[in-house]
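Combine the two chains into a complex, taking the hints into account.
First to last, the protein sequences are chains A and P. If you count by this note's numbering, then the first sequence holds residues 1 to 73, one letter each, in order. If you count by this note's numbering, then the second sequence holds residues 1001 to 1463, one letter each, in order.
What the hints contain is simulated information worked out from the structure, not anything from laboratory work. Any given hint could turn out to be false.
[Unchecked claim] BS3-like, lysine-lysine: derived pairs with alpha carbons at most 27 Å apart:
| no. | chain 1 | residue 1 | chain 2 | residue 2 |
| --- | --- | --- | --- | --- |
| 1 | A | K59 | P | K1380 |
| 2 | P | K1392 | P | K1299 |
| 3 | P | K1392 | P | K1310 |
| 4 | P | K1036 | P | K1159 |
| 5 | A | K59 | P | K1310 |
| 6 | P | K1463 | P | K1392 |
| 7 | P | K1299 | A | K59 |
| 8 | P | K1115 | P | K1159 |
| 9 | P | K1463 | P | K1036 |
[Said to hold, decoys possible] Restraint-style ranges between C-beta atoms, simulated for each label pair:
| no. | chain 1 | residue 1 | chain 2 | residue 2 | range |
| --- | --- | --- | --- | --- | --- |
| 10 | A | V47 | P | D1418 | 48 to 58 Å |
| 11 | P | E1129 | A | K59 | 36 to 46 Å |
| 12 | P | S1411 | A | K59 | 47 to 57 Å |
| 13 | A | A65 | P | S1153 | 53 to 63 Å |
| 14 | P | D1457 | A | P56 | 51 to 61 Å |
| 15 | A | P43 | P | S1409 | 44 to 54 Å |
| 16 | P | G1112 | A | P56 | 50 to 60 Å |
| 17 | A | G41 | P | D1418 | 32 to 42 Å |
| 18 | A | G41 | P | T1300 | 16 to 26 Å |
| 19 | A | P43 | P | H1348 | 50 to 60 Å |
| 20 | A | P56 | P | G1060 | 14 to 24 Å |
| 21 | P | A1358 | A | S66 | 34 to 44 Å |
| 22 | P | N1311 | A | V47 | 28 to 38 Å |
Since this is a predicted model, take the numbers as computed values, not measurements. C-beta atoms are modelled at their ideal positions from N, C-alpha and C, and glycine is treated no differently.
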Amino acid sequence: MHLSRRAWLAVAGGTLLAAGAAAVVWRTGLPGVTPGAVVAGAPAGYVDHEGWMLTPADKQALAQASTAAVESP
Amino acid sequence: MQVGDSGILRGGYDCFVVGSGPAGVSLALALAEARKRVLIFESGDEHTVRSELANTVGYGHYSGAYWNAHWIRTPGGTSNVWAGWCPTPRAFDLDNPAVGVRWPVTRSELVGYWKRAAPILNHDAAYIEFEAPLIPGFRYRPVPTPPPKNFASSMATLKASPYVDIALGYSVVGLDADRSRSTVTRLEFLDHRLNTRGEFAVTPAQTVVLAAGGMGNAQLLMLPRADGSVPVGNEGGQVGKYLMEHPEFQVGGEIAIDLELDRYWPAAHKGRGVHAIVADDDTAREQGLYGCSLQCTRKTTDHPMATFLKNQTGRPFYYYSITPRAEMLPSAANHVFLTGERDAAGFHRLAARCVLDARDFLNVELTLRALGETLMRLGKGRVRVNNDRIYKQVWGGGHTMGTTRMGQSRSTSVVDADCRVHGYDNLCVAGSSVFPSGGGSANPTLTIVALALRLADVLAARK
Ligand SMILES: Cc1cc2nc3c(=O)[nH]c(=O)nc-3n(C[C@H](O)[C@H](O)[C@H](O)COP(=O)(O)OP(=O)(O)OC[C@H]3O[C@@H](n4cnc5c(N)ncnc54)[C@H](O)[C@@H]3O)c2cc1C
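Looking at chain P on its own, in the form it has when it is part of the complex (with noise of 0.2 Å):
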C-alpha cells in the first residue's frame, strides 16, 4: 500500500526502511517475505526526481556536481541511471593484508548472498563466480552485465505486498535515541507534498535501516542535534570517512594478443559481458597489486601491431583497447561532511573529498605491465601503457563507497559485520557505505543486494 493514496498507514511495523533502491527494495522484499512489516520511505515519488536533495559538492579526482549524478532521488533511487554490470570481487579483493584490506564477511558465506541476488539483479547466479585461466599469472574473469534492472519497477510488488507500506514523497529528517545511545527512539520524516513533518515513536522490537545511499546514509549519521549532542550512530566520530569510487581509465593500455577473447566467454552467454583480463592472486601478491580489471573492448585484426606480430609470426592476433576499471585504496581523509549550506529539506548540502592514492594510480601501470612483460616473455602479445589516460585522465563508475563502514570497533568503523551500527541495537545500513573497501574493482550492487538479503535474514531471525 502507498501512504498519501489513502492516507492510511497500517502500522505495527518491524522495520522502517530508509530507501527504496537495489538495497531497500530488496530488503524490504525479503523481510515481507519472512512475514516481517515494513514501512518505507522514499524522497522522490512516481513524478519526481528531488535532485535538490542529492545537491553534493566534490572536491579532489571527483570534482563539481560529479556526485549529484549518482544519486538519484526518485523511487528505485540510483538504479534508474546504472548500468547493470554485475561482477564479484575475488578473495583477494576481500583479503589483502598487504594493503591493509579485510571484510569482516567472508567470501565464502557472500556467495551463497550473491547466488539469491544474482536473479533479482536479471543476473544468472551459475555464472557469478566464471572465470577461466589465459595465459600463466593472468586471468580471464569478464565483467556480466545483465540487463540492467530499474528497482522503480519493484514499487508495484511493494504495494501489493500485505507486509510493506511505501510513503513515497516523504524524506526521513531526523533519528533521536535513547540517553545511553543504544536505542533509536524516534524518527522525523517529511511529507515533501505537504510540506510538513511528522514522527514515528521507535520501540526497542523495531529496527530502523538507513538504505539512503552512499551520500545519504552517511547524511543521516550526520543529522546536527538541537542539544548540539553528537549525531545519532556518529558515536565513534567514523561516519563519512573512507569515500571511495572506482576509478577506471578509458583507453589506459592497447593489447595485441593472439587469444581471441570470445572463445573464453561460455556460448550460453556469449554476448552478455566485456571481456576482462585479472592479475591472478599470486601475481597480485608477488607484484603488489590489487583490484583492477583491464577491460578489453574494440577487437580488430587491423592494427598496425596486430598485423606487425602476424607478420613476425605467421600467428594471427588481436587488437583491444583496454579500459582499466581498478580500485582505490581507504583512506581516512576520503570524506563526506557538512557545509553550512541548507536544502528545501533542511539538510546541509554535503561537501565530498575524494583524492586517489599514487599507489591507486601505480596499481593500474603495474598491472598492465606485469601483463605486457609476461606477453613478451610468452610470445603471446604486447600491450601499450597509455601514461597520460591513466595519470591525467581518471572517470568512475559511479559508486559510492565507504562512508559508513564495516567493521570490528566503534573507533575505526560504523557497522559491525551484521550491518547494526556499533552500540545500536536497532539501527542498521544497507548499501555500498558499509563496504571496508572497494572488493576490488568489482561495480558494488551484487555486493549490495547481498548485504542486504543477509541483513533480512538478521533481522527476520530477530523476536
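Just chain A, same shape as in the assembly (with noise of 0.2 Å):
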C-alpha cells in the first residue's frame, strides 16, 4: 500500500499522540533489588506522604493544617 507522504504522515503523527497519551501499561517483578540509596540498617531519611518525600515535622504540620481544615467552621 502506497500512502500519500501528507496522509502518511497524519497518520503517524497521530499514532504517536495517542500512543503518548495512552502510554503503555504493563506489570512487572523486580526480583530481589534493593535500592542502592538506603543505607543497610539504617531508616531512609524521609517519610512518605502520597509519594511526597518529607520530613517528619513537615507531616506533623501538613496533618495538623488538615485537622484544622476540618475542625474551622
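Pasting the structure below:
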C-alpha cells in the first residue's frame, strides 16, 4: 500500500499522540533489588506522604493543617 | 541531480549512501564539500512514504507497531516527524565503567563535531554545552529545543550539488562482498516505480555507507544470502543486538523548589529549551546512577505543596511536574531479528525485542530520591516520586539505537571507532545504530550528525 506522503505523516503523528497519551501499561516483578540509596539497616531519611518525600515535621504540620481545616467552621 | 528525472547518472562515485535522513544528508553534503562524488539511495520519493517497508513487530516494553512510527521511509527520513531536541551526552554518559559504558570516541573529540553539527540542526553552537550549578550534587542542564530541521528540505540543495546524485524511490536490497569478506563488491537496488532491480559494481576505492536508520542499518547487514552464507557485514554475528530506546516517564515525579528555573537559562535563549535537572558526576558515581534528565515543566506557585512550604518558610516555592527521560543499559538480549514474513521489496519483516532492565527503572526512582533527599537536607524543596508512573507506564523518545554498535572487535561489536564495519575497507555505518550506549539520556540526532561529519572527514581523507 502506498499512502500519500501527507496522509501517512498525518496518520503517524496521530498515532504517536494517541500512544503518548495512553502510554503502555504493564506489570513487572523486580526480583530482589534493593535501592542503593538506602543504607543497610538505617531508616530512610524521609517519610512518605502520597509519594512526597517529607520530613516527619512536614508530615505532622500537614496533618495539623488538615485537621484545622476540618475543624474550622 | 535526481535519478529518474532524466534517468542519467553521472557515475564515478566515491561513495554510495543508503538513506536521506539526518545522517545520510549530513554525510553527503560534507563529502560534496570535500569534492567527493556521492550517490544517495532513498526508498521514499517526494510523494510517498514507504511505510510498508518499515513494518516491524515489537516485543517487550515497546510493543506492537511502536517502531514503525519511528522509522519514516521518505526523503528526510524520520526528521519529518522529529521534535528537534538537541542535548549532548555528558562525559560521564560516554565513559561510565560502573555500568560497563565506554565509547571508543572521546567526548572532547565529539565536542568539535557537535559544534559543526549544531547549525545544521538550527541550533546555536555556543549552547551545546550549556549547564549551570543548581544545588550541591545537582546541575541545571536544560534540553535545547531549536526549531526541528526537516531534512526533506535539503533535497533541493542535494539536487543542485554538482557532486551529488540522489535516487528517490530506490531501495538498496542487496550487498555482495569478495571472498575474503574485506571489500563490498556489488550493491543491488530496487526501483520502486518500475519494480525493477539493478546493480552497481563497487570498487575497493568506493565506499558504501549505510545511513538507513537504526532498524534499516541492521536490516541491510542481516540480508540473507542465496548461498546461505553469513550476511555481508555480520561475520561476527553481532548485528541487531543491543537495541536501545530512551525510556521516558510522563510525570514520573513532581518538585516544589525555592528556585525559579527560568532564571538559569541564558536570556538570549529563553523559551528555546526545556528545564532539566541532572545528578552531577560525583552524585551519580556515589549512588550508582546513570543517564536520567529530570525535565521540569508546568510551573505554578499555586500547588498545595508550594503553598505549604511557603507558609512554613515565608519564601516562595515553585512547583513543576517532572518527566524523567532516561537511559537504558545496553543488553545483547535486546535485539532486532528477521521474521519469516517478507514485504514488497523482498525484505524480511523485522521483529524488535526491547526489554528494560530492573536497574533502568531503579535508576529513575533513585535519581528522584537523591534529589528529594538533597533538597530536604538543604531546606530548599520537596520531591514526589510517582511510583506507578515509573514502574507501570513507560514510553520512549522515538530513538532507535545500538543495532550495529561501535567497539573494539568483531566479537563484541559491528563497527570500529571510525564507523567502518569490522574487517571491511569500504563498508561504513552512519546513525544511532553505532551508539555503544544510549549516550546518557541525550536525544541522539545531534550526535548522529556529528558522527556523520566525522565519518565524512575520514572518507574525504581516503585516496
Ligand atoms: C516522534 C519522534 C520524535 C523525535 N524527536 C527527536 C528529538 O527531539 N531529538 C532527537 O535527537 N531525535 C529525535 N527523534 C529521532 C530522530 O528522528 C532520529 O534520530 C533521526 O531521524 C535518525 O536519523 P537517520 O538519518 O539515522 O535515520 P532516519 O531519519 O530514519 O533516515 C533513514 C532513511 O533511510 C531510508 N532507508 C531505509 N532503508 C533503506 C534502503 N534499504 N534503501 C534506501 N533507503 C533506505 C529511509 O527511507 C529514511 O529516509 C525523534 C523521532 C521520532 C519518531
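The hints, checked one at a time:
1. A/K59 to P/K1380: 16 Å, holds
2. P/K1392 to P/K1299: Answer holds: P/K1392 to P/K1299 is near 25 Å, not above 27 Å.
3. P/K1392 to P/K1310: 33 Å, violated
4. P/K1036 to P/K1159: 15 Å, holds
5. A/K59 to P/K1310: Answer holds: A/K59 to P/K1310 is near 15 Å, not above 27 Å.
6. P/K1463 to P/K1392: 54 Å, violated
7. P/K1299 to A/K59: Answer holds: P/K1299 to A/K59 is near 24 Å, not above 27 Å.
8. P/K1115 to P/K1159: 26 Å, holds
9. P/K1463 to P/K1036: 11 Å, holds
10. A/V47 to P/D1418: 48 to 58 Å: Distance hint for A/V47, P/D1418 holds at roughly 54 Å.
11. P/E1129 to A/K59: 36 to 46 Å: 41 Å, holds
12. P/S1411 to A/K59: 47 to 57 Å: About 55 Å separates the Cβ atoms of P/S1411 and A/K59, which means 47 to 57 Å holds.
13. A/A65 to P/S1153: 53 to 63 Å: 56 Å, holds
14. P/D1457 to A/P56: 51 to 61 Å: Given a distance of about 59 Å, which is inside 51 to 61 Å, the answer is holds.
15. A/P43 to P/S1409: 44 to 54 Å: 48 Å Cβ-Cβ, so the 44 to 54 Å window holds.
16. P/G1112 to A/P56: 50 to 60 Å: 52 Å, holds
17. A/G41 to P/D1418: 32 to 42 Å: 51 Å, violated
18. A/G41 to P/T1300: 16 to 26 Å: 39 Å, violated
19. A/P43 to P/H1348: 50 to 60 Å: The hinted range 50 to 60 Å holds for A/P43 and P/H1348, with Cβ atoms some 55 Å apart.
20. A/P56 to P/G1060: 14 to 24 Å: Given range 14 to 24 Å: violated, Cβ gap about 41 Å.
21. P/A1358 to A/S66: 34 to 44 Å: 36 Å, holds
22. P/N1311 to A/V47: 28 to 38 Å: Hint violated: Cβ distance 19 Å, outside 28 to 38 Å.
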